[in-house]
Amino acid sequence: MGYPAVSSKIRAGLRRFPPRSTRNIQQILGARPDGDHSSDESVGCFERCLKRRRANPEENVGFSATEPAERWVVWVSIDPRSGQIFPYPKEVSQLLELGLKRGDAAVSLGDSFFGATVELSDGNFQQRTARGGRDVQRLLLRRPEETVTLWVRQGRYRWSVVDAGTAGSQERVASMPEEAVDLSKLEEQREREPPPPDDREGVALWQWCHELHVTPAQAEHLEDCFWGIYTEQQNSQIEEAYQGAERQVEITVGVRQYQVVFGPIPGFARQEVSGTSCLPRFTQHG
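When we follow full-length UniProt numbering, the leftmost residue of the sequence shown carries the number 1, and every step to the right adds one.
It should be emphasised that the hints constitute simulated quantities derived from the structure, not laboratory data. The model shown is predicted, which means the values in this text are computed figures rather than measured ones. You may find that some hints are simply not true.
What the hints assert, rightly or not - Derived lysine-lysine pairs resembling BS3-like cross-links, with alpha carbons at most 27 Å apart: (1) K101 <-> K90; (2) K101 <-> K185; (3) K90 <-> K185.
What the hints assert, rightly or not - FRET-style restraints, in silico, Cβ to Cβ: (4) Q257 <-> H221: 28 to 34 Å; (5) A245 <-> E188: 41 to 47 Å; (6) H221 <-> R131: 40 to 46 Å.
Where a beta carbon is used, it is the ideal one built from N, C-alpha and C, also for glycine.
Take these sequences, add in the hints, and give me the full structure.
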């Protein structure tokens, strides 16, 4: 009799997305800004160049050798309802800075931030939650007590950062010495970090087959659409039992209990309804 299958492939080349990885502040609300932000072209060009210089210090040329280096950084968000500057706690700024240096596409701020994620990929930093978003800014400082100035404007849905001189914009000024991160110390911390795992090792993923009466040999040739995946918790349960050489493991799917019985072929298992003799389904370790 054939069984629905569970095959064991290791998938490589995974994209590294912070974790849910991914880490305390006030509640985050907001939505997309409304429309374009027009500005005086010359002022806007200057501000864009200044932002680029601050975000990429290695591009700096022509500055006085006696000018203090920008060796501090603070990450802030803009309250979408008031346009006020809110600094992230120092430990969160460190988290964001390290994520940016690693090239992470996003960094999760965890439950303390209501599951918010800060997107880093395109240089237009945004904090997202299920309820909306807000602008995020990375500010380089010469001294931790240095005053920072941002220009914000109220759109249809929220306040957003705009170029200086933009019609309808307002100035926001803040000093956040307690939240400033020393970049030199952060670089030392980064150098002490263990190297990331080799993506080629992949992550074990257990999948179950939608079809019945499938043999392990047939399972190797089925397209991806024939396979469903378990939740992260279920997958971890199955993999832990498999690595521990257990004969079977019980998992909960919704309100039902299932037994995942391993073998006889390595990397395959049968999924059976607990307490019944139902035809099992193969589970693929893929």
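Okay, the hints, checked on the actual structure:
1. K101 <-> K90: Given pair K101, K90 holds - Cα atoms ~17 Å apart, limit 27 Å.
2. K101 <-> K185: holds (14 Å)
3. K90 <-> K185: Roughly 13 Å between the alpha carbons, so the hint for K90 and K185 holds.
4. Q257 <-> H221: 28 to 34 Å: Holds, since Q257 and H221 (Cβ atoms, about 31 Å apart) stay within the stated range.
5. A245 <-> E188: 41 to 47 Å: Distance hint for A245, E188 holds at roughly 42 Å.
6. H221 <-> R131: 40 to 46 Å: 45 Å Cβ-Cβ, so the 40 to 46 Å window holds.
When held up to the earlier numbered hints, the structure conflicts with none and fits them all.
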